[in-house]
Amino acid sequence: MNPSPAVAVTGLTVRHRRTVALDRLDLSLGPGVHGLLGPNGAGKTSLIRVLATVAAPSSGRVELLGGDVASHRDRTGVRRRLGYLPQDFGYYPSFTVREFVAYVAWLKELPADRVPAAVERAVERVGLADRIDARMKTLSGGMVRRAGIAQAIVNEPDLLLLDEPTAGLDPEQRVDFRELLRELGREATVVVSTHLVEDVAAACTDVALIEAGRLAFQGATDELTALGGESGAPDDSTTHAVERGYTAALRAHRASDVRTSGAHPKEALR
Amino acid sequence: MRLYLRSRALPGTLAALAGTAAVAAWAAWWLVSLPGFDHTARLPVVVFGPLLAAAAVGASLHAPSDELDRTAVRAWWPRRLAHALAPTVLAVALFALALPGHAEEYGAPAAVRNTLGLVGVTVGAAAVVGARLSWLPPVFLVGVVYLAAPSEPGGVAQWWAWVMQPGWQGGAWTVAVSVFVAGTCAYGWRGARYVTGGS
Numbered sequence: 003m004n005p006s007p008a009v010a011v012t013g014l015t016v017r018h019r020r021t022v023a024l025d026r027l028d029l030s031l032g033p034g035v036h037g038l039l040g041p042n043g044a045g046k047t048s049l050i051r052v053l054a055t056v057a058a059p060s061s062g063r064v065e066l067l068g069g070d071v072a073s074h075r076d077r078t079g080v081r082r083r084l085g086y087l088p089q090d091f092g093y094y095p096s097f098t099v100r101e102f103v104a105y106v107a108w109l110k111e112l113p114a115d116r117v118p119a120a121v122e123r124a125v126e127r128v129g130l131a132d133r134i135d136a137r138m139k140t141l142s143g144g145m146v147r148r149a150g151i152a153q154a155i156v157n158e159p160d161l162l163l164l165d166e167p168t169a170g171l172d173p174e175q176r177v178d179f180r181e182l183l184r185e186l187g188r189e190a191t192v193v194v195s196t197h198l199v200e201d202v203a204a205a206c207t208d209v210a211l212i213e214a215g216r217l218a219f220q221g222a223t224d225e226l227t228a229l230g231g232e233s234g235a236p237d238d239s240t241t242h243a244v245e246r247g248y249t250a251a252l253r254a255h256r257a258s259d260v261r262t263s264g265a266h267p268k269e270a271l272r
Numbered sequence: 506m507r508l509y510l511r512s513r514a515l516p517g518t519l520a521a522l523a524g525t526a527a528v529a530a531w532a533a534w535w536l537v538s539l540p541g542f543d544h545t546a547r548l549p550v551v552v553f554g555p556l557l558a559a560a561a562v563g564a565s566l567h568a569p570s571d572e573l574d575r576t577a578v579r580a581w582w583p584r585r586l587a588h589a590l591a592p593t594v595l596a597v598a599l600f601a602l603a604l605p606g607h608a609e610e611y612g613a614p615a616a617v618r619n620t621l622g623l624v625g626v627t628v629g630a631a632a633v634v635g636a637r638l639s640w641l642p643p644v645f646l647v648g649v650v651y652l653a654a655p656s657e658p659g660g661v662a663q664w665w666a667w668v669m670q671p672g673w674q675g676g677a678w679t680v681a682v683s684v685f686v687a688g689t690c691a692y693g694w695r696g697a698r699y700v701t702g703g704s
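So the sequence lines, in the order shown, correspond to chains W and B. For the first sequence, the tail end lands on 272 under the working numbering, and the numbers increase by one without skipping. For the second sequence, the tail end lands on 704 under the working numbering, and the numbers increase by one without skipping.
Keep in mind that the hints were calculated from the coordinates and are not lab data. The C-beta atom is built at its ideal place from N, Cα and C for all residues, glycine as well. It is possible that some hints are incorrect.
[Said to hold, decoys possible] Partial pick of chain B residues on the chain W-facing surface, computed with a CB cut under 8 Å:
no., residue
1, Y509
2, S570
3, D571
4, E572
5, R575
6, A577
7, V578
8, R579
9, H607
10, E610
11, L638
12, L641
13, P642
[As the list claims (entries may be wrong)] Label pairs and their computed distance ranges (CB to CB):
no., chain 1, residue 1, chain 2, residue 2, range
14, B, W535, W, T21, 51 to 59 Å
15, W, A257, B, P583, 49 to 57 Å
16, W, S60, B, G648, 37 to 45 Å
17, W, G144, B, A520, 33 to 41 Å
18, W, R75, B, L515, 27 to 35 Å
19, B, V634, W, S142, 54 to 62 Å
20, W, S60, B, R637, 23 to 31 Å
21, W, S258, B, P583, 45 to 53 Å
22, W, G13, B, L519, 34 to 42 Å
Starting from the given sequences, assemble the full structure and let the hints guide the process.
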């Protein structure tokens, strides 16, 4: 393990009004592609937003790329080296793809002389080179998503956070995107939040599974797959071993939660 | 920087402000020229002109890419402040020119005061309800005050009916300027409230 991980989170708690989105979460991530899995409302987006320095945690310590994000100076340095694709990112509809990506490059304070080349490279990497001068409002959903990925990688980030990046991509684009993920993960720390277990199986080296604001499982993708074991019943509706592993890990976590703390408050709602 | 300004619909805002001031100037001139009306007939212009200008400023605070802007390396509040202040300065200058003569009764000073105060209300509202709806609270305020204010200027009414005061009443100015400062600070500190679903 890397001595200074790109992401080191201890005791992270995030509250939205009265509900607890993240509950004393500890997490440490090094280089590679990390899949962030979990049911809806488990706290994936809350975690990504804290890591992106967009939301402030209610309590806990967040260290990114060796800097403490609570300190203003460290946060500034971290933001230069951070790429972030929000789940629901807004854009100015009259911008072209080139202008949109250049705008984010300006936010990240890329030196002005490097911006044009960086923008073209980022757009090319997501396969949108032929539409680079098209206006954002004329793009299809999948293209907008790819433009979003392009803005996230324009500064060649050391820490890349992608919230549901494959939503709206067709199967072929998803295959290309996984290839890009693997390429990015060779040098950077990439965190991909997703619902799609097969994306994780195909592109991620490690998995963190979050359930009700807590870490339910963390390990290599192979380990999660191994948890699933062989397909048991003939009417088993899971198609992948990793899907069975996901379900098994979730159930094991829920069972241990009930044993330690009685009925989990969020559990009753499910 | 150029892209930033474009993404905030700056050209549209400038055009709206200039247009509002031009219409206000024309309306003031027209009202005064009507038989039996004098310069005191400019009251609606002094109230509703700045209200429109404030609404334009408020609408321009809408940021389409708020979530991404929050990852900007540089602190964002100076930009927000500049964004709220620059069009206000322009609006104040335009209204100061739009209503010449009779400064003591519904002239330039009253228009400037109302511009400041109503921009303060609008910009403060943007921090609470989001930029898109920021025009609602000042419209409501002006609507109520316009109907309820006593016709005699000054007195206690100047503290709450500051929008309706004809000129240099100290209380009205105090309220307008404090509202402006408070609203701008709230917006600079918090930013427009992010409303999901509007892209």
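**Prompt:** Would the stated hint for E610(B) survive a check requiring a Cβ distance to chain W of less than 8 Å?
**Reply:** violated, 44 Å
**Request:** Identify whether the interface hint at H607(B) stands, where standing means a beta carbon of chain W within less than 8 Å of its own.
**Result:** violated, 43 Å
**Message:** Quick check on a hinted range of 54 to 62 Å for V634(B) and S142(W), using CB atoms only.
**Reply:** Cβ of V634(B) to Cβ of S142(W): about 33 Å, so the range 54 to 62 Å is violated.
**chain W contact restraint on D571(B) - CB to CB distance below 8 Å** = holds, 6 Å
**Item:** Hint validity - R579(B) Cβ closer than 8 Å to any chain W Cβ
**Value:** holds, 7 Å
**Prompt:** Does Y509(B) pass the interface check with chain W, least Cβ-Cβ distance below 8 Å?
**Reply:** Holds, because the Cβ-Cβ distance from Y509(B) to chain W comes to roughly 7 Å (cut-off 8 Å).
**Asked** Would you say the C-beta atoms of S60(W) and R637(B) sit inside 23 to 31 Å of each other?
**Response** holds, 28 Å
**Item:** Agreement of hint E572(B) with chain W interface, Cβ distance less than 8 Å
**Value:** Status holds, d = 4 Å.
**Prompt:** Should the interface hint for R575(B) be scored as holding, given a Cβ-Cβ cut-off of 8 Å against chain W?
**Reply:** Nearest chain W Cβ about 5 Å off; hint holds.
**Item:** Pairwise beta carbon distance, R75(W) to L515(B), judged against the given window 27 to 35 Å
**Value:** Since the Cβ atoms of R75(W) and L515(B) sit about 31 Å apart, the hinted range of 27 to 35 Å holds.
**Prompt:** Would the hint on L641(B) stand, with a C-beta cut-off of 8 Å toward chain W?
**Reply:** violated, 22 Å
**Request:** Classify the hint on S570(B) as holds or violated, based on whether any CB of chain W lies nearer than 8 Å to its CB.
**Result:** Given a least distance of 5 Å, the restraint on S570(B) holds.
Checked against the numbered hints listed earlier, the structure breaks hints 9, 10, 11, 12, 13, 19 and 22; every other hint is satisfied.
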